[in-house]
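**Q** Given next are the chains, with one letter for each unit.
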Amino acid sequence: MTALRTWLLDDSPASRLQANLGRAWRVWSALLRNPLAVVGGLIILVLVVMAVFAPLIAPYSPIGQDLANRLTPPSAAHWMGTDELGRDIYSRVVYGARITLLIVTMVAVIAAPVGLVIGAVSGYFGGWTDRILMGVTDIFLSMPKLILALAFVAALGPGIENAIIAIAITAWPVYARIARAETITFRDSEFIAAVRLQGASAARVILRHVLPLCASSTIIRVTLDMAGIILTAAGLGFLGLGAQPPLPEWGAMIARGRNFILDQWWVATMPGFAIILVSLGFCFLGDGLRDVLDPKQGGKQ
Amino acid sequence: MAFEPSVNKKISGPALIGRARDSALSLASFAVVLAGTFLGLLAITFFIGRVVPIDPVLSVVGDRATKEVYEAARQAMGLDRPLIVQFFSYVGDVLTGDLGNSVSTGRPVVDDLARVFPATLEMATIGIIIGVLLGVPMGVLAATRQGSWIDQLIRVLGLLGYSVPAFWLGLVGLAVFYAGLGWVAGPGRVDIFYDGLLEPVTGLYLIDSALAGEWDIFWNAADHLALPASILGFFSLAYIARMTRSFMLDQLGQEYVTTARVKGVSERRVIWRHAFYPIRIQLITVIGLSYAALLEGSVMIETVFSWPGIGNYLTTALLNADMNAVLGATLVIGAVFIMINKVSDVLYRILDPRARR
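So the protein sequences, as listed, match chains W and U.
Residue numbering for the first sequence follows the working numbering, beginning at 1 and increasing consecutively.
Residue numbering for the second sequence follows the working numbering, beginning at 1001 and increasing consecutively.
Bound-form chain W, shown alone (with noise of 0.2 Å):
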């Protein structure tokens, strides 16, 4: 243990592959030390797991009916009451992980990348690629995200493959404009003139060279953005717009909880709780990463 220790933390690494390794201990040790950060990384996790084995830790199918115990409060055989038609709200807030893991995985697999390319892109060619691809972003980034999201929903249909396209819609421009401030601070240097010297094309050094010192400030970003995805797609799910019926999305059961609030209170603020506290762990886990990744922005904090 102790000799990969040393290993690991060598400061003089033999290989690519020790000097990858070492940092990324140096990281995952750094992030250990911060509480609040493994707070949120543990709440992440739960997220997970319970997305992955929702069969297994459901105690009910988050569709199956049972009109005899409607609008039931919180019990031990139900933990978070049941809705109007008898569903277990625990097991469909379980399900329900899948749907809101599955909508901030995309809008991040889909936004981060045309984010990153578009910047990258800008900033390494500058001149009026540059000014057209900003000035692009910049609409977008000035537009109000929300209400963009609902127009781009309104025009495409609800459903929940729309709400993804539409949030990514307004969540690339960010990622777009961290890759081109990165882009610009190193363009000029000696290691991309190198790789340029031996014949490299603009795409290969992109793509091989510059995308990849994007990446820790990406994933930042991207970590402190899913409160706000998940607060987007819960805003459109609960509007109608997103996942529909009988899906067990958490925005969608707010509004279907809406109409028993003054007595069932407990069917819309179980979901609610959910929700912040996903998003609370993903704010928590970007602060941590921050500090760690980035010590020049989190030393403001």
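Hints in this document: simulated from the structure, not taken from any laboratory.
Don't be surprised by glycine CBs; every beta carbon is placed ideally from N, CA and C.
Fair warning: there could be bad hints in the mix.
[Said to hold, decoys possible] Facing chain W, according to a computed beta carbon distance under 7 Å, are these residues of chain U, among others:
hint, residue
1, G1040
2, I1048
3, S1163
4, T1330
5, F1337
6, I1338
[Unchecked claim] The calculated label-pair distances, taken between Cβ atoms and stated as ranges, are:
hint, chain 1, residue 1, chain 2, residue 2, range
7, U, P1353, W, L213, 32 to 38 Å
8, U, I1350, W, I184, 23 to 29 Å
9, U, D1111, W, A77, 53 to 59 Å
10, U, Y1277, W, E84, 43 to 49 Å
11, U, G1186, W, I184, 51 to 57 Å
12, W, E84, U, L1027, 57 to 63 Å
Given the coordinates of chain W, assemble chain U onto it according to the supplied hints.
**A** Leaving out everything else, chain U in the frame of chain W:
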């Protein structure tokens, strides 16, 4: 910011002209950026209107129309022209205030929007007032007493502001403060028997009722406003307090603050005169951003509180697939949002001499 050796020179004629030219240039470039952004907004709404999977022609002629009728309608609606021509005619329509008719209300969208906008404005304005009046002092206190309970409170509020869904908070607020405790009135702008009694002058119920001397209505409207405006206020408070705290910490760490303290200036004067005074310009930007965010956030809150504002109009239109109304509302909210953001940006540049260069 680069360090500039400051030579205290008197500004003479040519320099003054130069400065005037600079501000004229920056105003011109501001106008260009603003126009470009608005054009971008129009391009986006135009695009959204065009990618609608529902065929706009079919919705007029019905799906049993013959090919000839369909083509005639298509030409009458101008959909056979090149996209770019359609875009320019769309821009022309918008500039002349023609946003089309709403399918559900049957009236021009512009008239609908003018009717509902004051309701949103009233709620968001009360919300930002709450946010500023509470958020700024809280932020200052937190910065001067780091680690105290108020500092911790602002941290927690800031995190909650990022992670609590506004519509959920609205529902819980209704359950607790309206149904449970009975402290505030329920959904809507006024009680049903006051509805329609007020002659709209500004459309803002608080002002209209005060002008008419109808104090019953005034207090009833205030009662209805209290909860939704407080919830909006909470979100802006969370943001404003956090930003005020961080600006204040920056200032309190400056050497001139230490100098003032060493000179024996009272703590109160150090805080408000020496540290707070310079950050008020940065705060304008933050408050502007927060106000714009409230206009957007009111969409969800209005839905929960059945508040007859632009957000409610937008969500109702969404559910009815009333695209003219959706795009019109998007355009207006987007334009106001951009306007507030850009104007607070410009104000910052005009007021802060360091940001001029």
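**Q** Could you run down the list of hints and mark each one as holding or not?
**A** How the hints compare with the structure:
| no. | hint | verdict |
| --- | --- | --- |
| 1 | G1040 | 3 Å, holds |
| 2 | I1048 | 5 Å, holds |
| 3 | S1163 | 3 Å, holds |
| 4 | T1330 | 4 Å, holds |
| 5 | F1337 | 5 Å, holds |
| 6 | I1338 | 5 Å, holds |
| 7 | P1353(U) <-> L213(W): 32 to 38 Å | 36 Å, holds |
| 8 | I1350(U) <-> I184(W): 23 to 29 Å | 28 Å, holds |
| 9 | D1111(U) <-> A77(W): 53 to 59 Å | 55 Å, holds |
| 10 | Y1277(U) <-> E84(W): 43 to 49 Å | 57 Å, violated |
| 11 | G1186(U) <-> I184(W): 51 to 57 Å | 54 Å, holds |
| 12 | E84(W) <-> L1027(U): 57 to 63 Å | 58 Å, holds |
Hint compliance for this structure: hint 10 alone is broken.
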